[in-house]
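Asker: In the order they appear, the protein sequences are chains A and B.
For the first sequence, the positions run 284 to 712 when our numbering is used.
For the second sequence, the positions run 18 to 292 when our numbering is used.
Bear in mind the hints are in silico, worked out from the structure with no lab data behind them.
Predicted model only: the values in this text are computed from it and were never measured.
Treat each hint with caution, since some may be false.
[Unchecked claim] Derived PhoX-like pairs (lysine-lysine); straight-line CA-CA distance at most 25 Å:
#1 A:K356 to A:K573
#2 A:K593 to A:K471
#3 B:K249 to A:K390
#4 B:K249 to A:K358
#5 A:K573 to B:K123
#6 A:K539 to B:K249
[As the list claims (entries may be wrong)] Okay, the calculated bits of chain B under chain A, using three or more residues with CB under 8 Å as the criterion:
#7 48-61
#8 181-194
#9 231-239
Just so it is clear, CB atoms sit at the ideal spot from N, CA and C, and this is done for glycine as well.
The chain contents come next:
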Amino acid sequence: MHSPLTRRGFLAAGSGLAAATVLPGLSACSALTGADSDPDTLVVHSQLGTTAPGSPTYLAALDRFREEHPGLKVKNLINGDDLAQVYETSRLARKEPDVVMVNLYDKTLAWTDVGATVDVKGYLDDWGLRTRVLPQALAEWTDPKGRVRAFPYFATNWPIAYNRSLLDRAGVDAIPATGDELIAAARKLRAKGIAPVTVGGNDWTGQKLLAQIIQTFLTEDEARHAYSTGDFGGRGAREGIEYFVTLRDAGVFADKAQGLTSDSMTTQFNTQTAAIQSAMSSALAKVPPKVARHTEVGGWPLADGAAHDKPTILRTYTLIGFWISPNGTKKIDAVEKFLRFMYRPDTVARFIRESGRDMALRSDAVSTDFPLVAAAQRLGSTVSQALLPDVYVPPAAAQPLITATSTSFTRGTSAAKVRAALETAYRSA
Amino acid sequence: MKLGKRWLPAHILVWTYAVLLIVPLYYFLASAFKSNEEIFAHPFALPGSLGFGNFRTAYDSADLGTAVVNSALVTVLALALTLLLALPAAFALARSTGRLASAMEKVFSLGFLIPTFAALFPTFLLAAATGLFHTRLFMVFFLPATAMPLSVVILVQFMRTIPREMEEAARMDGASTYTVLRHIYIPMCLPGIATVLLLNFLTFWNEYLYSLVIIGPDPEQRTVQVALPTLKAITGTDYGVLTAGTVLTLIPVWVVYTVLQKRMQQALINGAVKA
Numbered sequence: 284m285h286s287p288l289t290r291r292g293f294l295a296a297g298s299g300l301a302a303a304t305v306l307p308g309l310s311a312c313s314a315l316t317g318a319d320s321d322p323d324t325l326v327v328h329s330q331l332g333t334t335a336p337g338s339p340t341y342l343a344a345l346d347r348f349r350e351e352h353p354g355l356k357v358k359n360l361i362n363g364d365d366l367a368q369v370y371e372t373s374r375l376a377r378k379e380p381d382v383v384m385v386n387l388y389d390k391t392l393a394w395t396d397v398g399a400t401v402d403v404k405g406y407l408d409d410w411g412l413r414t415r416v417l418p419q420a421l422a423e424w425t426d427p428k429g430r431v432r433a434f435p436y437f438a439t440n441w442p443i444a445y446n447r448s449l450l451d452r453a454g455v456d457a458i459p460a461t462g463d464e465l466i467a468a469a470r471k472l473r474a475k476g477i478a479p480v481t482v483g484g485n486d487w488t489g490q491k492l493l494a495q496i497i498q499t500f501l502t503e504d505e506a507r508h509a510y511s512t513g514d515f516g517g518r519g520a521r522e523g524i525e526y527f528v529t530l531r532d533a534g535v536f537a538d539k540a541q542g543l544t545s546d547s548m549t550t551q552f553n554t555q556t557a558a559i560q561s562a563m564s565s566a567l568a569k570v571p572p573k574v575a576r577h578t579e580v581g582g583w584p585l586a587d588g589a590a591h592d593k594p595t596i597l598r599t600y601t602l603i604g605f606w607i608s609p610n611g612t613k614k615i616d617a618v619e620k621f622l623r624f625m626y627r628p629d630t631v632a633r634f635i636r637e638s639g640r641d642m643a644l645r646s647d648a649v650s651t652d653f654p655l656v657a658a659a660q661r662l663g664s665t666v667s668q669a670l671l672p673d674v675y676v677p678p679a680a681a682q683p684l685i686t687a688t689s690t691s692f693t694r695g696t697s698a699a700k701v702r703a704a705l706e707t708a709y710r711s712a
Numbered sequence: 018m019k020l021g022k023r024w025l026p027a028h029i030l031v032w033t034y035a036v037l038l039i040v041p042l043y044y045f046l047a048s049a050f051k052s053n054e055e056i057f058a059h060p061f062a063l064p065g066s067l068g069f070g071n072f073r074t075a076y077d078s079a080d081l082g083t084a085v086v087n088s089a090l091v092t093v094l095a096l097a098l099t100l101l102l103a104l105p106a107a108f109a110l111a112r113s114t115g116r117l118a119s120a121m122e123k124v125f126s127l128g129f130l131i132p133t134f135a136a137l138f139p140t141f142l143l144a145a146a147t148g149l150f151h152t153r154l155f156m157v158f159f160l161p162a163t164a165m166p167l168s169v170v171i172l173v174q175f176m177r178t179i180p181r182e183m184e185e186a187a188r189m190d191g192a193s194t195y196t197v198l199r200h201i202y203i204p205m206c207l208p209g210i211a212t213v214l215l216l217n218f219l220t221f222w223n224e225y226l227y228s229l230v231i232i233g234p235d236p237e238q239r240t241v242q243v244a245l246p247t248l249k250a251i252t253g254t255d256y257g258v259l260t261a262g263t264v265l266t267l268i269p270v271w272v273v274y275t276v277l278q279k280r281m282q283q284a285l286i287n288g289a290v291k292a
């Protein structure tokens with residue numbers, strides 16, 4: 284049988300395919316080298332831009348900014364969790380973006396110290412933007428040497444979300460306020476085949492919840508000391524770890540929580556396979572309306588003798604800030620225009636109204652379309668606030684702490700071993 | 018039928034294996050048409066609708082069109098460069114019998130011992146020093162370097178199967194070394210070239226770490242493997258959209274495997290009969 288394609292035909296087809304692929308690419312991009320640093324282009328590196336909460340509002344804001352500043356181009360580079368690593372390599376090659384939008388955690392804690400980004404205190408004052416920032420936010424973004432690491436932008440409340448519909452189905456009449464009530468609720472939920480508290484025991488969500496529970500018996504100063512030094516040997520810390528172990532071994536957390544991530548956590552809650560989660564505002568904003576209707580937000584239940592008088596939540600003002608890079612200082616006029624625009628009350632209000640984001644800036648806007656976010660904002664003094672350890676954990680200990688978290692959420696791990704795992708995370712750092 | 022009964026266990030094993038392969042593929046494709054709720058509530062149910070909403074969202078959000086073009090650009094050029102370098106190298110090694118050639122062949126094999134991750138930092142330094150950091154061009158040069166050991170080793174083995182008499186006959190007709198390579202070795206090594214192309218295509222297309230660090234996140238330059246993870250959100254990924262995006266990026270791989278490979282085999286058979 285005669286083959287439809289000869290060897291010569293095959294080679295010709297291959298060459299044609301190659302040419303068809305390569306030529307449009309070359310003509311569209313002019314070269315494979317891409318655009319080098321252009322003085323008229325402001326390069327912003329961000330986690331916003333695809334499906335992260337707030338992305339549509341952010342992209343719309345960029346469009347409005349471009350319209351208002353036709354001579355200034357803005358290029359938005361997007362990364363997810365790997366943003367810090369990508370930024371650091373760019374900085375090493377002196378090709379870093381001008382502005383970085385990222386939270387204050389892990390690697391970024393060291394950026395100001397090592398000169399990867401610059402102190403923005405002077406700019407904040409010169410541009411008259413200090414008064415726009417909430418005082419707590421400014422305090423959290425200021426390092427021990429008095430430098431302001433970045434322009435504060437997103438904040439978050441981090442309450443506990445309870446699906447009332449699932450609790451009712453399991454026969455739990457009230458939101459648990461104590462550890463004993465939580466254990467009883469977990470048993471009833473499990474009897475109905477519902478996972479009680481879902482948590483990413485293998486990532487930062489588990490680390491935060493573990494820290495929150497350990498702080499049940501810690502004052503703010505004691506918590507700061509424990510998370511700065513890795514010394515969990517104090518009485519309060521030990522009692523907090525024992526409280527966590529009691530809850531865990533009583534089945535409060537979803538099965539195999541030590542292997543879950545933030546992704547699986549939010550999915551379990553949003554699909555109503557789990558009744559309770561510790562959720563930051565951006566996660567609350569993504570709870571589907573039919574689940575949100577039956578969801579209440581509150582604090583984490585306390586144990587007898589707790590250092591807090593009300594159930595606890597976390598709050599932070601360090602979720603996303605605008606960091607200025609050394610390259611950004613060379614285009615400081617463009618950076619100023621961009622930050623003035625992003626700090627404008629109308630821009631800030633749109634993030635609150637359209638995306639349900641909590642802001643580190645002053646604003647009268649309310650997240651009316653995001654009832655759980657608004658409910659979390661209203662919690663105010665009805666809950667007690669635990670310390671978010673992010674700013675106090677040494678950068679090198681951040682990742683080892685995640686490993687220790689996974690160990691901690693593994694059933695059967697004793698309180699002594701949990702403490703040892705936490706302390707080892709600091710020693711190995 | 019007696020033969021059928023005897024072969025029954027083999028049939029069962031083969032069909033079980035086929036099902037094991039098909040089930041994840043079905044789950045993957047079906048999920049691309051579902052919402053998160055459908056995926057988790059009824060993972061193996063048929064999609065409620067066959068709308069392309071998830072595909073549109075994935076394509077637009079992650080700018081997958083540009084990313085696919087970038088990946089194709091880098092992959093095709095890197096493949097071409099790989100062949101350009103590997104064919105003459107393999108040709109020389111296959112025809113040489115001396116100790117030096119044997120040592121050189123071993124040097125190529127030593128390339129297998131270098132872990133990919135270990136080369137990241139030196140490669141980054143090289144990219145920065147050459148001014149090719151944040152460019153696709155560096156990857157076009159770099160990827161063939163990583164593929165040379167495997168490509169040369171495979172091609173050398175294929176070329177050694179070609180009888181010396183073929184070359185001697187051509188030499189008597191006045192063929193130059195280049196002519197021998199072009200008109201004897203390359204046509205007769207097409208199975209090896211096809212193997213090298215396919216293996217390297219997959220490696221180059223799926224490369225993530227170096228593309229992330231070296232090319233970077235610029236939507237105008239990033240490859241599809243760097244663009245795709247931006248569809249993940251730390252506070253709740255839409256798995257329908259993520260799966261749809263993954264399906265889109267797999268289409269070129271599917272095309273190469275089902276269309277190009279088939280045509281390659283046809284060409285090979287054709288070439289072999291003529292030879």
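Asker: All hints, please: hold or fail.
Answerer: Structure-based check of all given hints:
no.	hint	in the structure
1	A:K356 to A:K573	violated, 41 Å
2	A:K593 to A:K471	holds, 24 Å
3	B:K249 to A:K390	holds, 21 Å
4	B:K249 to A:K358	holds, 21 Å
5	A:K573 to B:K123	violated, 65 Å
6	A:K539 to B:K249	holds, 22 Å
7	48-61	holds (count 4)
8	181-194	violated (count 0)
9	231-239	holds (count 6)
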